[in-house]
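Chains as they are written, first to last, in the numbering used here: chain A, 2 to 167; chain B, 294 to 667; chain C, 1088 to 1206.
These aren't lab readings, by the way, just hints derived from the structure by calculation.
Everything numeric in this text was worked out from a predicted model, so none of it was measured.
Note that beta-carbon positions come from the ideal geometry of N, C-alpha and C, so glycine has one too.
Watch out, some of these pointers could steer you wrong.
Below are the BS3-like pairs computed for lysine-lysine, each with C-alpha atoms no more than 25 angstroms apart in a straight line [claimed, not checked]: (1) 163(A) x 455(B); (2) 625(B) x 163(A); (3) 455(B) x 378(B).
In silico negatives: residues of chain A with every beta carbon more than 10 angstroms from chain B [unchecked claim]: (4) 25; (5) 27; (6) 109; (7) 118; (8) 131; (9) 135.
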Amino acid sequence: MILDVILFYGAAMVALASGLFVIAQRSPINSAFSLIVTMCSLAVMFAMLGSGFIAVLQVVVYAGAIMVLFLFVIMLLNTKQDEGDRGGGIGRAAIALGIILAIQSMVVVWKGAETLPVNHKETTSADVARGLFSSPRFLYAFEATSILILSAMVGAIVVARKEKGK
Amino acid sequence: MEMLLSPANKEIGIDALIAIIKVAVIFNALLGLFSLMTYLERRILAFMQFRRGPNRVGWFGILQPAADGIKLFFKEEVMPEGAHKFLFFAAPVVAIITAYVALAVVPYGGPLVLPFYGQVSVFGRPLDIQMASLDVGVLFIFAITALGVYGIVLAGYASNNKYALLGGLRSSAQMFSYELALGMSWVSVIMAAGSFRLTDIVATAERWNVWVWILVQFPAFIIYMIAACAEVNRTPFDLAESETELVAGFHTEYSSMKFALLQMAEYINMITVCALASNMFLGGWLSPLPGLLPNSPLWFFAKMLFLLFVFIWVRATVPRFRYDQLMDFGWKRLIPAAAIWVVLYSGFTAFLGERKSPPITVAAAALAAPQASR
Amino acid sequence: MPNLDALYTSTLSSFQVAHDGFVQVALAVSAFLFVVGTIGVFVRRNVITVMMCIELMLNAVNLAFVAFSRAHGTIDGQILVFFVFTVAAAEAAVGLAIVIALQRNREDLDVDSFNLLKG
Chain A
2 MILDVILFYG
12 AAMVALASGL
22 FVIAQRSPIN
32 SAFSLIVTMC
42 SLAVMFAMLG
52 SGFIAVLQVV
62 VYAGAIMVLF
72 LFVIMLLNTK
82 QDEGDRGGGI
92 GRAAIALGII
102 LAIQSMVVVW
112 KGAETLPVNH
122 KETTSADVAR
132 GLFSSPRFLY
142 AFEATSILIL
152 SAMVGAIVVA
162 RKEKGK
Chain B
294 MEMLLSPANK
304 EIGIDALIAI
314 IKVAVIFNAL
324 LGLFSLMTYL
334 ERRILAFMQF
344 RRGPNRVGWF
354 GILQPAADGI
364 KLFFKEEVMP
374 EGAHKFLFFA
384 APVVAIITAY
394 VALAVVPYGG
404 PLVLPFYGQV
414 SVFGRPLDIQ
424 MASLDVGVLF
434 IFAITALGVY
444 GIVLAGYASN
454 NKYALLGGLR
464 SSAQMFSYEL
474 ALGMSWVSVI
484 MAAGSFRLTD
494 IVATAERWNV
504 WVWILVQFPA
514 FIIYMIAACA
524 EVNRTPFDLA
534 ESETELVAGF
544 HTEYSSMKFA
554 LLQMAEYINM
564 ITVCALASNM
574 FLGGWLSPLP
584 GLLPNSPLWF
594 FAKMLFLLFV
604 FIWVRATVPR
614 FRYDQLMDFG
624 WKRLIPAAAI
634 WVVLYSGFTA
644 FLGERKSPPI
654 TVAAAALAAP
664 QASR
Chain C
1088 MPNLDALYTS
1098 TLSSFQVAHD
1108 GFVQVALAVS
1118 AFLFVVGTIG
1128 VFVRRNVITV
1138 MMCIELMLNA
1148 VNLAFVAFSR
1158 AHGTIDGQIL
1168 VFFVFTVAAA
1178 EAAVGLAIVI
1188 ALQRNREDLD
1198 VDSFNLLKG
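Just chain A, with the same shape it has in the complex (with noise of 0.2 angstroms):
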């Protein structure tokens, strides 16, 4: 569908800009709306692409909570300032190094991805869960990140906990 295409171009575009503006920002928390919005935007060519879910569970996981976090840290510790750029040759290094990366890889992925298969399908929800747990493959994966959750937890609990007398 037409409308396919425009959400899709349209949003990549967004993707594009906001990406660049996280990291020419000067403030955090204006880094840290650019993000929310680069996130939206995936969200929406993760839909288009044919896998609502993802889409969704993006927009949760990502913008509703770990961006919701990121923020709350950014209030909390009211950090105002503004940081400079990293002068030196570590900076321009980086950023020519980082031109040079981008320009090959995407004339890597441009040329590559003619080559790939076309499969279009619509997934849904039911699909990704039969994926997860009807085959043995990514079940102990799976089991495992629920601890790997739980020993996060903890242990953010234990870093950010105040220590007694001070």
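Mind docking chains B and C on chain A? Use the hints.
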């Protein structure tokens, strides 16, 4: 040009036209419902507190919302000094857009069947009263309400006011905490229906019989209502705007139409959570006397309005939480309770099969509830 | 620059199925965002911004996964995105806890100033 008029494109065009008309109708109906809610809330609160409430403008004060609207429209816009200009404007916009978008996937009724007429169809398509039937319906609402937090956080941050900032901080932490319980309370419903689609959930309720459904999902319903109350910043949990501590919280610096938009977003969020509860836990448009009375969107609205009334009722009854109590309640009571319910429900469904589990599950939940609340 | 006319025609002719240039564009966007994130990690000095750049890189990877999942017609790519989500959530939680601890102890968020272990 003839490509544009191909049969396939004509189909798309008709679909788009129907969608636009539906959106226009529902958007305006919601505007009406929002202004009605502000009026009803004030009247019901007044009734419960032995006051009169707004009764001057129009018939029993029914035109009060219009008067308020006109007043807000003509008020002066104030831009606080040192405010982040762009974000200050963006905050109400984000709030109102997320509030409206969440309602896009809520079904207001099944396929529309009128008495003495039968199935209503437009251009050969059966008309159902829903804007979009998504495969991920419930999760979509979850995602959009999660984005709704930004409206409040932005408003708090952009105002350059310490009370507003505190209000924004509080509400982000609060919504963050209660979203977990909110999501967990849906698990048993989704497990029973085997789908995120809201129409599938109502269909499952019909298959089970509405009353069995309501009874089985009742513990989840209670958890949902408490969490939803916190999620939309309603009174026992309205710490983001507690006037005794924070002036008016995140909207301290807002005036005129921007204030009206924030207020509107809040009420529309309330309508969303009630509409969702009515669909998920109370069987939506199914009639409470299956067989005797026909299913109709009117039942859906009746259930939704009752839940809205419950919110107002709670506001008149329960005092506000203190902040640490709020966090305590969210993390140490509500989330464990929701987790216990999920484990119980899934356990019984796995061992007894979905049709046998209901009464036992409810009994077990009744036994477990005092444990969880301790 | 894709030819818009050709794109429009192919989209309409394959009306249900979206244009297969989608995968290509998605991969290009993914590569670009990943590079932007990498540059950000090197260039920015605020710890929080650096972490956000890492999130940007993870997002770019997700986009590539979803695009490949579509190209190959399998679900595995989407499942891997699922795992990336959990890892990103865990990483953000621990990382931000460390940021709070840093701010509390050093009152500074510049990555260059954390050099106590430097010999």
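Query raised in the report: What hint numbers does the structure not satisfy?
Result: none
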